[in-house]
Amino acid sequence: MRFVNRHPGSGSRLLLMLLPFILFLAVYFFGSATRLAQNPDDKLLPSAAQMADAIDRVAFTEDRRSGEYILWSDTAASLVRLGAGLGIAACAGLALGVVTGVFPFLRAGISPFLAVVSMIPPLAILPILFIVFGLDELSKVALIVIGVTPVLARDLEQRAREIPRELLVKAQTLGANSWTLVLRVMLPQLCARLLVSLRLMLGSAWLFLISAEAISATAGLGYRIFLVRRYLAMDTILPYVAWITLLAWLMDFLLRQISRRCFPWSEGALT
Amino acid sequence: MQKNRPFRWIALFAACLFAVSSPLAQAQARKNFNVCWTIYAGWVPWGYIDTSGIIGKWGKKYGINIRVTQINDVGEALNQYTAGKFDACTMTNMDALIVPVAGGVDTTALIAGSYSDGGDGVVVKGKGKTLKDLKGMNVYLPELTVSHYLLARGLETVGLRERDIKVVNTSDADLVAAYATGNVRAVVAWNPQLMALKSRPDTMEIFSSRQIPGEIIDIMVANTRVLKDNPALGKALTGAWYETMALMKAGNVDALEAMAKSSGTNLAGYRAQLENTRLFHNPQDNLAFITSPDLVKTMRRVAQFSFEKGLLGEGAKNAEAIGMAFPGGVVLGDKKRILFRVDDTFVRMAIRGAL
Numbered sequence: 001m002r003f004v005n006r007h008p009g010s011g012s013r014l015l016l017m018l019l020p021f022i023l024f025l026a027v028y029f030f031g032s033a034t035r036l037a038q039n040p041d042d043k044l045l046p047s048a049a050q051m052a053d054a055i056d057r058v059a060f061t062e063d064r065r066s067g068e069y070i071l072w073s074d075t076a077a078s079l080v081r082l083g084a085g086l087g088i089a090a091c092a093g094l095a096l097g098v099v100t101g102v103f104p105f106l107r108a109g110i111s112p113f114l115a116v117v118s119m120i121p122p123l124a125i126l127p128i129l130f131i132v133f134g135l136d137e138l139s140k141v142a143l144i145v146i147g148v149t150p151v152l153a154r155d156l157e158q159r160a161r162e163i164p165r166e167l168l169v170k171a172q173t174l175g176a177n178s179w180t181l182v183l184r185v186m187l188p189q190l191c192a193r194l195l196v197s198l199r200l201m202l203g204s205a206w207l208f209l210i211s212a213e214a215i216s217a218t219a220g221l222g223y224r225i226f227l228v229r230r231y232l233a234m235d236t237i238l239p240y241v242a243w244i245t246l247l248a249w250l251m252d253f254l255l256r257q258i259s260r261r262c263f264p265w266s267e268g269a270l271t
Numbered sequence: 001m002q003k004n005r006p007f008r009w010i011a012l013f014a015a016c017l018f019a020v021s022s023p024l025a026q027a028q029a030r031k032n033f034n035v036c037w038t039i040y041a042g043w044v045p046w047g048y049i050d051t052s053g054i055i056g057k058w059g060k061k062y063g064i065n066i067r068v069t070q071i072n073d074v075g076e077a078l079n080q081y082t083a084g085k086f087d088a089c090t091m092t093n094m095d096a097l098i099v100p101v102a103g104g105v106d107t108t109a110l111i112a113g114s115y116s117d118g119g120d121g122v123v124v125k126g127k128g129k130t131l132k133d134l135k136g137m138n139v140y141l142p143e144l145t146v147s148h149y150l151l152a153r154g155l156e157t158v159g160l161r162e163r164d165i166k167v168v169n170t171s172d173a174d175l176v177a178a179y180a181t182g183n184v185r186a187v188v189a190w191n192p193q194l195m196a197l198k199s200r201p202d203t204m205e206i207f208s209s210r211q212i213p214g215e216i217i218d219i220m221v222a223n224t225r226v227l228k229d230n231p232a233l234g235k236a237l238t239g240a241w242y243e244t245m246a247l248m249k250a251g252n253v254d255a256l257e258a259m260a261k262s263s264g265t266n267l268a269g270y271r272a273q274l275e276n277t278r279l280f281h282n283p284q285d286n287l288a289f290i291t292s293p294d295l296v297k298t299m300r301r302v303a304q305f306s307f308e309k310g311l312l313g314e315g316a317k318n319a320e321a322i323g324m325a326f327p328g329g330v331v332l333g334d335k336k337r338i339l340f341r342v343d344d345t346f347v348r349m350a351i352r353g354a355l
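Keeping their order, the protein sequence lines are chains A and B. In terms of this note's numbering, the first sequence is residues 1 to 271. In terms of this note's numbering, the second sequence is residues 1 to 355.
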């Protein structure tokens, strides 16, 4: 049988799924054990026990200075910023995507500008963002919004233009005006796509969030990582990275569930 | 053909293991050494020592080869040295204590070349302000660095504590831009950012390292084990350093201009930075500094500050958890766990002309 036609059974599928993870962990812990055997105070590749200690310290012990449980207060700060940023970006992106996708006049005015703006690396113009939005929460949310919105808008515009022309003609034949066309045809289609785009943009959103927190903050997951990086506390950084990965994966999972629940007919529900 | 697959995986796996463990290859007497430095007024001479060929000359004298690398990020330089990629590197006394030493890397202060004498400062907007006015304010600074230490020392002098203010962690590269925004009223910075901040209108410096002379020290440190196995490294670096110091003292324009250029300014700008950096131009001054009891007092302070911030490692029960050895057999902290050594062997050799 040709290799392309051979499918793994459920047992070997599980094994194949776990294999890269096991290999990855094995390489890590072997390296960690070798380094620690040489120098028990080595900080670069901490052992599982050291990381467990660090997790206990940040997640289940009150911080001496602030009296807070650091991991949870950092997570709350970061999720509020990320939620606000993504929420605003989703609304703005959807609105821009719909108007540029549906109305040729607006598309002519907005679309080329968006194409240019989406190419500006937001991190390169940070000093300007600071001066416009200040150094507080607003600038961190703004960085996510500025980074994510143009890409979302362009993707949605493209999707709007891929909607079969026949569908629009049919709706108009049935008496739809511009407004009902947007409301009854475009919006449902684009909302489904918006969830897919958002899932793809999650990585970028986290990147912007962590960059913003690295530059100036008093709490947040990115703040903590960049703060303890100064003294190479990898025993704290690695659990934080794992936690961020888990949170991002959960957000992705949640968006997929929403897709399934609300738009079972769309492709976003499948993947 | 498919049969080969597992072997390929195993080979790859083995290669990864090897790649992870190979940097640990033991150091004995060696010929090649790696040294790093980062941008700061007191360290740019290392750039000149490299490009002018002075280091090559001294290396040849002792039959070794020293590669000098400039690293752009101070934190990255510390991490690379700690991980063992470099045998020697420039850092401040506090950074040396909280990164390599707290990380168990036995480290020797080879050349304490200079200290900050106004090169770090607390700057606020307004007129007629003092440190007391910081109470209740947000202060923007790179947390857990010498800036943080400077602020803590300053607050102490007016009876304030860190909890009376709010520290906002800000990357040193972004401090100048941050200061330009309306709601940032107080920052702590070092040169060259400090100079840029002080030149802004309606701004005053309320505390600087000039008020705590000799506490923020710019050192060339070396891995103690490597240095012990290879005294030639210490001799070559020390010899090259004092040769360059002599050039600087004599006002050698070539040397100074090269240093000015590598710190991104002109001769006048570099001279202005040097005003805030107390360089030891000869080994005699340097010896006096490292053998003075004030140095022990400073390191006790720095260890106490680092301990309070949780930077000496979780195993540390108090500020004495790490042993520090000073010239003349003076030991601070745990005698059984000496990880930081101030060494006067090579400076004395320089004085005797034995290099």
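Bear in mind the hints are in silico, worked out from the structure with no lab data behind them. Treat each hint with caution, since some may be false.
[Unchecked claim] Computed beta-carbon distance windows for the label pairs:
id : chain 1 : residue 1 : chain 2 : residue 2 : range
1  : A       : Ile120    : B       : Ala250    : 46 to 52 Å
2  : B       : Glu76     : A       : Gly83     : 48 to 54 Å
3  : B       : Lys198    : A       : Gly83     : 46 to 52 Å
4  : A       : Tyr28     : B       : Arg67     : 27 to 33 Å
5  : A       : Met119    : B       : Asn266    : 51 to 57 Å
6  : A       : Ser73     : B       : Val158    : 26 to 32 Å
7  : A       : Gly203    : B       : Asn318    : 40 to 46 Å
8  : B       : Lys135    : A       : Cys91     : 38 to 44 Å
9  : B       : Lys336    : A       : Gly203    : 47 to 53 Å
10 : B       : Lys317    : A       : Ala59     : 53 to 59 Å
11 : A       : Leu183    : B       : Ser199    : 40 to 46 Å
12 : B       : Ala250    : A       : Tyr69     : 55 to 61 Å
By construction, the Cβ of each residue, glycine as well, lies at the ideal position given by its N, Cα and C atoms.
Here is how each hint holds up against the structure:
no. : hint                            : verdict
1   : A:Ile120 x B:Ala250: 46 to 52 Å : holds, 50 Å
2   : B:Glu76 x A:Gly83: 48 to 54 Å   : violated, 32 Å
3   : B:Lys198 x A:Gly83: 46 to 52 Å  : violated, 40 Å
4   : A:Tyr28 x B:Arg67: 27 to 33 Å   : holds, 30 Å
5   : A:Met119 x B:Asn266: 51 to 57 Å : violated, 36 Å
6   : A:Ser73 x B:Val158: 26 to 32 Å  : holds, 30 Å
7   : A:Gly203 x B:Asn318: 40 to 46 Å : holds, 44 Å
8   : B:Lys135 x A:Cys91: 38 to 44 Å  : holds, 42 Å
9   : B:Lys336 x A:Gly203: 47 to 53 Å : holds, 48 Å
10  : B:Lys317 x A:Ala59: 53 to 59 Å  : violated, 23 Å
11  : A:Leu183 x B:Ser199: 40 to 46 Å : violated, 58 Å
12  : B:Ala250 x A:Tyr69: 55 to 61 Å  : holds, 59 Å
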